[in-house]
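Going down the list, the sequences are from chains A and B.
The opening residue of the first sequence carries number 5 in the working numbering; numbering runs sequentially from there.
The opening residue of the second sequence carries number 239 in the working numbering; numbering runs sequentially from there.
Please note that a few of the clues may not be correct.
As the list claims (entries may be wrong) - Computed far set for chain A versus chain B, every beta-carbon distance over 12 Å:
| id | residue |
| --- | --- |
| 1 | Val36 |
| 2 | Pro54 |
| 3 | Ala105 |
| 4 | Ala184 |
Stated by the list, open to error - To be clear about the criterion: a stretch of chain A counts as covered by chain B if any three or more of its residues have a C-beta under 8 Å from a C-beta of chain B, and this derived list gives those stretches:
| id | region |
| --- | --- |
| 5 | 12 to 22 |
| 6 | 65 to 75 |
No lab work stands behind these hints: they were computed from the structure.
A virtual CB, placed ideally from N, CA and C, is assigned to each residue, including glycine.
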Amino acid sequence: MASAQTLTETDLFRSYWDDGLLDLLGGLALLVTGIGWETAMGALATIQAPLWIVLWGPLRRKIVEPRAGFVRFSLARQTSTSRELSWTLALGVGALALVAAVALLPRGEGVRLAIGHLVAGLPAVLVALAAAFAGILTGARRFYGYGLALLAAAVVTVLFGLGPALPLVLGGLVAVACGAVLLRQFVLGSLEYKEGA
Amino acid sequence: MARQPSVPELDVLIHEPARLRVLALLAMVESADFMYLLRATGLSRGNLSVQMSKLEAAGMVHLDRQLVGNRPRTTYTLSEEGRESLRAYKRTMLGLLAPFPD
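The shape of chain B in the complex, shown without the other chains (with noise of 0.2 Å):
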């Protein structure tokens, strides 16, 4: 008997408009520190730092804490592992979606 097709499933820790945001910003980056993600993604600081700690934990991205003058920097870093699963989401997006008319 053939299997049901079934609608590919979504990495919903990717799928997250907000860590989906900061994953693509950081994509194109080599590294960018709270403030800068802060600004280049506007989203508020509570919600930013939630979602830096899902992805922190979550293994796709790197946190690197630097003492720079006297002024400490918490610098983030897309971890390959970040890197493969957004390129995943990204083949699943567009499999998802490649039927659609434009």
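Same shape as in the complex, but just chain A (with noise of 0.2 Å):
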């Protein structure tokens, strides 16, 4: 009886993800952090990422509650979340402080030889870690496939000798779609509640 209960909330965790927002922001972060990589900008464009993620709690207020209801989950459920949500962030704050040493510090010839191609891949290996995290955080398995999907974009930069912006520009349009189709059945899912208003 307790596992069953403890599935359906674990259900309702994870629909409270549904609705693709988070997939949308993390996608534009990932995309713009890609695009600007290569402009004058180069790994300083990873600075604006987290301002799309602090969109994430104003733009769920005005858009999302409204049409999916506000829920508070329980203090257990919370305080695994903030956990893990530590978790999360220090990764990424850890990711995005090797990018920024890689790519500001002096390298010579030869330690840019040594290295080769394998750091063009690290970014995306960094972003898919911290996909997984979303993943295990949110529970929506989804976020696994957008982690897959950056270290294979990871492996092919490597073997090919490709830049860095490549695969967070794919692991970013591939989430920024994603969102996009989830944010709009959620959106359309909700009118026939909104019609018996």
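Starting from two chains that each stand alone, build the complex the way the hints lay out.
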């Protein structure tokens, strides 16, 4: 009996993320980072990424909550979510610092050759890890899919000697497309509740 | 003279399917507003409104009205009385159905 209740609460929590807004904003963060990387901004383009995620709260209150309703989960769920979010943020900050260090530290020709193309795949690998943490946090399996897509793009980048921006742009496009489809479905699916008002 | 064993009585306030769904849902979360309950239970607005009024009148749920921005938000929380009644209902149902083979 207890496990059945836990499962249902887990289902409720998972469905909390089904609107696709987080996917859309996370995808936009990646996409703009990837595009910015190719411009004069370089690795500094990563600085704007957290701003998109910060927008999630206000946009959820504006777009999602009036349609999906408001729910506050149990204290146990809030505690575990905060803990997992802290790990995800720590990973994100670590990834940001690592990418900035790699991009900004002066390197000699020898070091450049030693690191080779591996560095180009590093940002995507780190973002893929963050996507996996997001999957653990939300219980939504599609985040693992984004992680796998980013890993695959990172491997292609390393193998073919492409720039670090490509996997970020590709991963961002996948997340934006999925997020847009989910958000559209969510908004259309909410119409029946509005009409009944 | 030995007393005739009787089938345990169910709490009819909880036993009604719509109210049972709402209470089971509220037992899993800390609080939820009307729209969330509407979507999660699949009940009609009118039915949910009636059931919530009954649950509130019976002290099973607490109601909290707030203004969020310029929108009113009514959230419901399962009261301690509601939680205890739900536990008692579960015990009764389990006892009632225990002899029934799987």
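Right, here's what the structure says about each hint:
1. Val36: Given that every Cβ of chain B is farther than 12 Å from that of valine 36(A), nearest at about 28 Å, it holds.
2. Pro54: Correct as stated: the minimum Cβ-Cβ distance to chain B is 24 Å, above 12 Å.
3. Ala105: holds (42 Å)
4. Ala184: Consistent with the label, alanine 184(A) stays out of reach of chain B, its closest Cβ about 22 Å off (over 12 Å).
5. 12 to 22: holds (count 3)
6. 65 to 75: holds (count 7)
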